[in-house]
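Visitor: Here's the letter readout for the chains.
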Amino acid sequence: MTAIIGAGIDRVDAALKVTGSANYPNDVAYPGLAHAALVRATVAAGRIRAIDTSAAEAAPGVLTVITHLTAPRLDRGPMTLLGPSPPAPIQDDRILHHGQHVAIVVADSPERARHAASLVRVEYETVKALLDLDDPRAEVTANPWNLDTDRGDVAAGFAAADVVVEGTYTTPDNTNNPLGLMSTVAIWHGDSLTVHDSTQWPHNVRTSLAKIFKVPESGIRVLAPYVGGGFGAGLRMWPHVILTVLAAREVGRPVKLVLTRPEMFTSVGHRPHSVMRFKLGATRDGRLMAIDADGVSPVAMEDDDYEPVSLCAATAYGCSHVRTRDRQVRLNIPCPGSMRAPAEGQGNFGLESAVDELAHALGMDPLELRLRNFAQADPESGLPWSSNALRECYRLGAERFGWSRRTPQPGSMREGRWLIGYGMAAVSYPAYQVPCQARASLHRDGSAFVRSAATDIGTGTYTVMTQLAAESLGLDVSRVRFDLGDSDMPYSPQAGGSGLTGALGNAVHLACRRLVGDVLDLVRDDANSPLRGMKLDDVTVDQGRVHRVGIPEQGEAYSDILARHGVEELSADGRSIPPRSEDLGMAVAGAFGAKFVEVRVDPDLGLLRVARVVSAIDGGRVLNEKTATSQIVGGTVGGISQAMFEDTATDRETGRIANATFGDYLIPVNADIPDIDVIFVGEPDPATPIGTKGVGEVGLVGLAAAIANAVHHATGRRIRTLPITIDQLML
Amino acid sequence: MRPFEYVRAVDAGQAVALVSADPDTSYLAGGTTQLDLMKDGVLRPARLVDVTRLPLSGVTSTGSAIRVGATTTMEELAADPVVIERLPFIREALLLGASTQLRNLATIGGNLLQRARCRYFRDPAVEACNKRDPGSGCAAITGFARMHAILGTSDHCIALHASDVAVPLVALDSVVHVQGVDGPRGIPLTEFYRPPGDTPHIENVLRHGELITAVEVPLLPEGARSHYLKVRDRVSYEFALTSAGAALVIQDGLITSARVALGGVGTLPWRSWEAERVLRDAPATRETFRAAADAALEGARTLPGTAFKVDLAKRTLVRTLETIAGARA
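Line order of the protein sequences matches chains G and V.
Position 110 of the first sequence, counted from 1, bears residue number 110 in the UniProt record's numbering, the numbering being contiguous throughout.
Position 282 of the second sequence, counted from 1, bears residue number 282 in the UniProt record's numbering, the numbering being contiguous throughout.
Quick caveat, the hints were computed from the structure, so don't treat them as lab data.
We put the CB at the ideal spot given by N, CA and C, even for glycine.
Quick list of simulated restraints, FRET-style, between CB atoms:
| no. | chain 1 | residue 1 | chain 2 | residue 2 | range |
| --- | --- | --- | --- | --- | --- |
| 1 | G | 109 | V | 102 | 25 to 33 angstroms |
| 2 | G | 167 | V | 283 | 40 to 48 angstroms |
| 3 | V | 124 | G | 320 | 53 to 61 angstroms |
| 4 | V | 201 | G | 211 | 46 to 54 angstroms |
| 5 | V | 22 | G | 109 | 22 to 30 angstroms |
With these hints in hand, go ahead and build the complete structure from the sequences.
Guide: In structure tokens form, the structure reads like this:
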């Protein structure tokens with residue numbers, strides 16, 4: 001069989017995308033399409049005393065203005081895999097955060113809708129908002145996810161340590177900001193509903209809307225064939241989707257809402273800021289004796305978010321005495337939500353900075369310290385890893401980077417006026433998979449159609465699933481079409497948690513295997529078939545044919561079998577079940593990575609430049625070298641962005657986000673990004689048939705710590721607060 | 001955005017008459033800032049008079065100066081041979097501003113009139129902004145000040161003038177030529193902008209309806225060396241935290257002529273006569289440059305978020321002067 005898997009084939013949707021033919025939700029048009037605009041609260045806490053919509057209603061082209069006074073009562077969406085749904089919008093006069101939706105305006109053009117929205121007058125009765133993690137009035141939840149860890153005896157561990165380091169690390173709010181503005185188009189036909197949405201999870205939108213609008217799921221179709229990025233912003237069904245669907249029902253026309261960039265900052269989640277403390281103790285020879293970690297993050301007043309920032313300390317290293325504690329504080333803020341590598345992105349910065357501080361305190365090479373504390377088995381369960389090539393990541397990454405050229409003393413490497421720093425960080429990304437379904441069909445000509453209601457948020461899902469199906473069916477990729485992004489297709493979970501490729505890939509693989517089995521069933525008693533009576537294990541598939549293992553002549557083409565049996569189409573479903581460590585006797589592993597960074601610092605002007613990045617990644621089996629590399633490169637850019645640029649600033653007085661535009665919220669430009677070198681190491685993971693471990697998030701994690709550690713190496717200055725900016729580096 | 005009427009001017013006289021007659025009418029040139037501000041509801045003109053088709057574009061040289069037509073784009077000016085040869089720090093400042101796409105649209109006249117980048121000015125959801133709504137207060141002073149001024153500020157406004165190219169232009173004693181209903185006049189750029197004082201909504205001395213037609217820029221003397229240095233939070237496509245534009249003539253180690261202006265720190269493009277006084281007739285040494293930088297930042301008033309800019313601005317100016325002196329040596 002030719003190697004379809006792993007080959008860096010071009011994205012199957014590349015031509016559509018570069019020619020502008022891919023139909024993103026905000027491209028969707030219908031005859032009679034009306035356009036919506038939102039009115040948002042300009043205070044962070046209080047009540048709406050009065051809302052005057054008369055000027056807006058009288059404005060040209062306006063079809064309706066819906067406020068809490070006119071909106072129907074709506075149920076809250078259902079409990080989901082990712083926790084509770086956000087509360088339904090505009091249900092009462094309470095304001096819980098600045099930017100909260102208070103009205104939706106529908107008009108015959110986007111410009112008229114926006115103008116009319118600006119004419120809605122709202123009077124507020126304000127109360128002092130809770131905006132600070134330290135506010136004594138704020139409700140604090142200890143151990144909100146029941147994930148706090150107690151392993152061994154931390155006090156005894158520290159007592160046995162020769163060297164102890166402790167630091168407080170803070171990360172700011174970051175906002176996901178996919179390039180594609182989140183968009184929704186809703187069309188009602190009686191009690192049935194079609195919704196085009198920038199979602200990472202069409203089935204969740206379907207289930208949620210069914211509950212909220214009290215209509216059967218069978219009448220709702222959610223379409224998301226192309227999504228302009230997500231980074232987690234599309235995981236939940238946020239209130240603006242509900243408002244659009246409500247507006248469409250109200251005006252009896254299709255309605256489109258495209259969030260503005262400032263609205264993206266308050267409507268679709270964000271990475272919440274965190275304050276973390278990491279304390280590490282080690283023997284003089286670098287053996288970790290104890291880890292004590294705690295973290296605190298904010299959450300919205302009446303919503304939920306998953307950010308156990310200290311948890312990474314429990315699983316990253318072989319250490320017998322570990323304690324982790326997380327707390328969550330309710331504030332008057334837009335609800336945080338998953339942003340690429342939620343919790344890990346923050347926690348790893350603290351942990352891996354602390355490890356670097358420990359190495360410095362020990363006078364030990366940071367790479368050597370990590371090697372000495374490699375977790376031979378899963379520290380939590382004690383089970384052997386299903387796969388773990390972290391040491392190969394260290395070794396090959398260091399080799400590629402030239403880590404051995406690093407001289408240990410901070411400030412000891414320079415070129416002209418630039419101080420040079422080498423820094424590194426490790427990543428142990430948690431494994432995550434949930435059940436997923438796919439359907440595979442063989443057509444009479446021997447081509448195949450495979451689908452699932454998954455999404456491709458730029459990750460390459462279309463392409464790698466096409467490859468997987470082609471391999472599993474023994475077809476050329478040109479003979480396979482994989483489709484997704486439609487809730488009428490078999491159930492798929494969200495594109496998130498680095499879990500979709502594994503879950504969906506295994507479902508596709510199972511569906512295709514079952515389909516081959518069904519082909520064999522057709523010829524079980526077929527005297528004319530050379531495959532008569534054969535079982536799946538007896539055959540292999542190649543070039544559109546099924547043949548006996550090792551005997552290519554003893555076989556026949558799918559098309560011949562289907563034609564002879566008068567079958568127009570043969571379909572089979574596959575459902576993947578996540579592997580369970582306790583069943584396998586192995587700890588199901590996620591991806592691992594080692595990040596090596598060279599920075600240059602101009603200490604006079606405080607300039608920081610990332611000069612080189614090497615990422616060595618164990619992602620299990622790589623399905624497509626090109627799209628997998630692209631994931632790591634994109635994650636690396638996100639990591640540099642987290643380290644040096646992104647900082648959503650909330651006014652302490654008003655709770656307003658002060659930089660909710662791309663003019664003020666900095667993300668890197670091309671000139672900030674150096675060459676990014678990616679190497680994949682490791683083997684297919686035996687926990688699942690396809691052997692892949694997700695690589696959607698491991699690329700981002702570790703960059704912030706590696707850069708901060710490199711800055712310390714360059715300058716001797718330890719930066720414990722992100723982002724790292726000029727004012728912190730003027731020496 | 002408030003609905004507005006669009007008029008394409010046929011000649012300068014008509015344009016000036018239209019705008020002068022109506023306080024709700026504004027000019028439209030490149031529109032790179034103006035349209036954003038209109039979409040965000042900060043500017044709400046009832047009518048725009050488009051001057052981009054008027055014959056106000058192009059650079060002409062008189063031997064001792066260049067005359068830059070008001071609708072000359074930033075890219076066009078940066079590519080002008082006389083600018084490249086005789087005014088290189090103007091080219092540097094231009095090419096460090098905005099992006100290629102924006103520079104191909106943005107005009108020199110519009111650049112001088114660009115509005116503040118202050119986050120509080122640019123969001124009408126913020127009530128307190130004396131520049132947008134006189135007498136309403138200043139949210140920036142109590143909010144996040146970083147991209148804000150530390151020189152020329154008042155208790156009413158700390159908004160920055162964010163232009164790069166205005167820095168070398170003000171250092172060169174450029175003259176802004178305008179046409180009004182009462183005829184043309186020339187205004188030295190050093191007198192063109194008004195510090196915020198207690199009227200931050202009035203940013204310059206133009207009367208409503210006066211149209212910038214050209215900017216006259218004296219050439220540097222033979223033997224002068226110039227440099228523009230911009231320090232910012234990312235490598236490209238971002239406004240300055242601090243910048244400096246300077247031109248020196250150094251003879252036998254002695255500075256015989258100095259022009260210095262700062263960006264990123266002033267409520268207006270900040271000409272530093274104080275620094276020039278220190279530099280003139282002084283040896284071209286690091287000590288002199290430091291003394292000049294100290295003098296330039298003498299009157300700085302900072303907030304917690306802008307405190308670092310005093311030191312950074314000094315270092316930026318010292319580096320600029322060192323670069324010029326080094327290039328000379």
